[in-house]
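Colleague: What follows is each chain in one-letter form.
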Amino acid sequence: MILLANVFDSFVGAFDFILHSREAVTGGAQVGGPAYIWPFARTQLEVSAVALGGALAVALPIGLVLGHLGKGEYFAVGFGNAGRAVPEIAVVFLFAALAGIGLVNVAVALGILGLPPILTNTFVAMRQVDRTAVDAAEGVGMRPWEVILRVELPLAAPTIMAGIRTAAINIFATATIASFVGLSTLGDLITGRNVYGDDGVVAGAIVIALLAAAIEVALAGVQWLVTPRGVKLQRATRSA
Amino acid sequence: MIAPVANGVLATDAANRCAPGLPESFCHQHEVTGCVGGNGLFCFDWAADNFDRYVGPFFRHLEIVAISVVAGFAIALALAVLSHRHRALVPPVLGATGVLYTIPSVAFFFLLLPITGFGLATAVIPLSAYTLQIIYRNTLVGLANVPPDAKDAGLGMGMSENQLMWRVELPLAAPEVIAGLRIATVSTVAIATLAFLAGAGGLGQPLYEQLGFKTNIIIVGVLTIAMALFLDLIVVLAQRFITPWRRARPG
Amino acid sequence: MSGDATNGAAEAAQALSVAFRKATKVYPGADRPAVNELEVEVPAGEICVFVGPSGCGKTTAMRMVNRMVEITEGDILVGDRSVRDRSPSDLRREIGYVIQQTGLFPHRMIGDNIATVPRLLGWDHDRVASRVRELMKLISLDADLADRYPSQLSGGQQQRVGVARALAADPGVMLMDEPFGAVDPINRERLQNEFLRLQAEVRKTILFVTHDIDEAIKMGDRVAILREGGILAQYATPAELLMAPADDFVEDFVGADRALKRLALLRVSDIDLWEAPLAYVGQPTAEVRTKLERAEVPHALLVDSERRPLGWLSESDLQNEMVPARPDISPEPVLDRDDVMRDALSDLLQAETMYAPVVDAQRRIDGILSVEIISEFLGSTEALAEEHLAVERPTAE
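If you read the protein sequences in the order shown, they are chains A, B and C.
Using our numbering, the first residue of the first sequence is number 1, and each one after it goes up by one.
Using our numbering, the first residue of the second sequence is number 241, and each one after it goes up by one.
Using our numbering, the first residue of the third sequence is number 492, and each one after it goes up by one.
If you're looking for bench data, these hints aren't it; they were derived computationally from the structure.
Note that the coordinates shown come from a computational prediction; the quantities given were computed from them, not determined experimentally.
Treat the hints with care, since some could be wrong.
Using C-beta positions, here's what the derived DEER-type ranges look like [stated by the list, open to error]:
#1 Leu469(B) / Trp38(A): 37 to 45 Å
#2 Arg480(B) / Leu210(A): 52 to 60 Å
#3 Leu103(A) / Leu469(B): 30 to 38 Å
#4 Arg325(B) / Asp738(C): 44 to 52 Å
#5 Arg487(B) / Val862(C): 45 to 53 Å
Taking beta-carbon pairs under 10 Å as the criterion, some of the chain B residues facing chain A (in silico) [as the list claims (entries may be wrong)]:
#6 Ile343
#7 Ala347
#8 Phe348
#9 Pro354
#10 Val381
#11 Tyr448
#12 Lys454
#13 Ala468
Covered, in the sense of this in silico footprint (three residues per stretch, anywhere, with C-beta under 8 Å from a C-beta of chain B), are these stretches of chain C [claimed, not checked]:
#14 593 to 599
#15 679 to 690
In this text, a Cβ means the ideal position worked out from N, Cα and C, and glycines have one as well.
Build the full structure now, drawing on both the sequences and the hints.
Modeller: Structure representation (structure tokens):
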């Protein structure tokens with residue numbers, strides 16, 4: 001009972017930190033409250049967005065082309081498997097140690113982490129597109145890039161989006177620790193127990209979790225929008 | 241806040257000045273000359289001398305991964321076997337495991353902080369939670385792919401539902417289940433590098449202790465990847481051992 | 492096929508009768524029953540074939556015996572006990588079950604597959620092992636195949652394993668649902684013959700489901716024709732079915748070629764065959780020529796030391812002093828003496844040949860069958876007598 005009460009207290013305190021400003025543990029400055037927390041969140045979202053954009057720009061075309069041609073399966077799938085084994089923080093820290101700190105550097109490091117899911121999912125999605133549809137498209141005289149754009153991409157879109165969602169969540173999650181390399185993300189709150197107190201730490205965790213959930217939901221929405229209506233109907237009748 | 245890492249331009253002074261960004265204490269502990277002082281890409285001598293400082297964290301890391309994966313596997317398997325019989329369970333369980341998977345590890349560790357404090361539990365709970373989704377999904381798929389005539393024959397010969405599950409369905413679903421286990425294991429090794437934030441140790445600890453030192457980062461990176469590959473190999477070998485019939489070629 | 496003759500008597504004692512007492516199955520939400528008040532008595536040790544168009548409920552009826560489908564109304568007795576008497580699992584361990592797709596466990600070796608029910612019943616290790624060996628001999632499978640996996644066996648071999656698996660715990664009743672349906676026609680014929688030979692030894696009570704009326708006539712001691720809606724149209728011996736169909740439906744289902752189907756009631760071994768002019772390797776050709784003069788066929792049959800046919804010798808073969816080792820003409824089609832006449836005639840016609848060697852279970856030459864013999868026999872008074880006997884005869888062997 002006491003344990004539960006303590007836990008409850010901690011979360012109440014954390015929510016208080018999120019909603020109201022208060023004095024820092026170390027004294028002096030005012031911390032907490034939405035206005036205070038927002039810059040941290042914004043930095044994290046920014047670097048994540050840049051990273052995701054970069055990863056998309058690199059991995060998406062490669063995945064589309066390789067998938068369309070049906071070549072390089074070993075590489076595309078192997079890259080995805082290998083990517084899972086890489087410890088994210090080591091990559092980020094190494095990058096920082098080699099190239100220095102700054103938003104761009106960190107974004108590049110994070111972008112590298114986003115490459116495997118996007119590349120592999122895009123490749124696999126393209127391979128799984130109904131061959132007869134592609135055949136028909138080529139038969140009508142579409143050029144390769146038209147086939148990709150008008151037929152394969154829309155049909156592959158749902159699975160590709162799933163890969164983008166995975167990449168986005170990975171990137172956003174790892175961006176938390178960018179605070180270790182000088183970027184002011186929400187990781188600052190989590191590691192700044194001396195300044196923000198226990199409330200601040202838990203508050204940081206809550207905000208990160210909520211934002212991650214929001215990103216997931218938002219991208220799920222995009223996935224739904226991007227799924228062609230015909231495919232949605234197909235799925236509905238199949239599972240019925 | 242943690243001291244920032246040295247930026248790109250480093251003092252290559254090999255004499256006795258500590259490269260900016262490296263903690264003073266660090267420089268005082270070690271020979272401030274040559275490779276280490278200048279924070280070269282990989283200092284072999286230092287690595288050789290100091291390798292034993294990674295041994296403890298390595299095995300701790302292994303411990304964390306083992307507990308998390310085993311716990312996650314057991315829970316996910318049980319849930320999947322239940323869901324196979326009672327299909328209504330599938331959407332809520334899939335939803336719950338998916339939600340858990342979305343919570344970033346760092347956040348998860350610190351959300352648990354008020355409940356479990358710093359230590360092994362705080363690291364293991366989120367790590368097992370992450371394995372649930374993939375193992376659960378894969379097990380369901382594996383069970384769905386069991387040839388229906390084998391099930392019909394099994395029941396027709398007098399197996400009970402339980403006997404059918406354990407003697408026929410699960411063994412035949414093993415390939416998919418183990419595929420999920422592989423993915424879960426490899427991912428857990430990577431994510432466990434953050435376990436030090438939960439106060440559980442692991443290979444992330446030495447990484448965090450000497451943040452800017454490149455040799456350190458590379459050693460930790462290499463050890464982590466090596467562990468992932470090694471465990472992956474073990475799981476693959478386990479699969480070949482458990483499923484001898486898949487290798488049998490038509491005579 | 493070999494097998495212990497001594498076991499035959501002991502196993503026959505265990506065969507149980509099966510009785511459908513107004514057995515009915517109605518699926519929830521359906522407006523008509525799938526099986527409608529089925530009333531069939533199958534004496535112990537006989538093969539009863541359920542046959543009919545698709546949707547007639549034959550498979551459903553069979554599956555009601557081992558409660559894979561639960562009875563809605565009425566009852567089914569195995570031996571003299573209702574199938575509702577004990578739990579489904581217990582019941583099923585006493586009933587052999589063979590399905591069309593075999594349902595062999597891909598993850599278990601052949602030996603383990605066969606041992607399934609004995610193990611469920613808790614037999615000890617040695618007893619199981621010896622039973623598996625016994626069964627593999629019974630179904631003519633090489634003993635070292637016991638360590639292979641189902642995927643490594645051919646379709647015909649897998650079907651045999653399915654049968655062995657069903658026989659393993661020595662059940663009193665066997666249920667077989669189109670067991671030879673997934674096999675090509677040539678192998679199907681072979682499997683059917685082998686199975687009938689097996690049944691002659693083990694004498695189980697068998698419920699056999701098929702959609703093929705020819706198979707029903709060949710395999711069944713009794714045949715139950717079902718019509719759509721699970722209603723029994725006629726339950727009789729094959730001969731009765733052919734000679735006295737109960738109504739138009741039965742007549743239609745049996746087929747317009749009823750007369751030809753009668754050929755399925757007779758076996759090659761039932762009639763007198765021509766003697767084969769045999770030749771051995773290395774024999775002086777002069778001797779062979781003398782034999783040929785008295786023979787009814789124009790060519791001599793080359794056989795090995797075991798009297799197994801190797802081929803026909805042509806004129807050029809006999810030019811030499813000694814009989815050559817390789818004959819010019821293939822011996823095919825080689826007929827089995829347990830073949831039904833219909834299949835034998837069909838093989839002859841297909842090969843566009845007038846005569847063929849007939850061999851026994853060990854592939855040794857028995858005689859020569861020709862189209863001439865068949866037509867002579869069919870027209871003779873002997874044939875009519877045989878047919879009438881067939882009406883009385885409950886078993887085919």
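Colleague: Confirm or reject each hint.
Modeller: Results of checking the hints against the structure:
no., hint, verdict
1, Leu469(B) / Trp38(A): 37 to 45 Å, "holds, 42 Å"
2, Arg480(B) / Leu210(A): 52 to 60 Å, "violated, 44 Å"
3, Leu103(A) / Leu469(B): 30 to 38 Å, "holds, 33 Å"
4, Arg325(B) / Asp738(C): 44 to 52 Å, "holds, 47 Å"
5, Arg487(B) / Val862(C): 45 to 53 Å, "holds, 51 Å"
6, Ile343, "holds, 5 Å"
7, Ala347, "holds, 4 Å"
8, Phe348, "holds, 7 Å"
9, Pro354, "holds, 3 Å"
10, Val381, "violated, 15 Å"
11, Tyr448, "holds, 8 Å"
12, Lys454, "holds, 5 Å"
13, Ala468, "holds, 4 Å"
14, 593 to 599, "holds (count 7)"
15, 679 to 690, "violated (count 0)"
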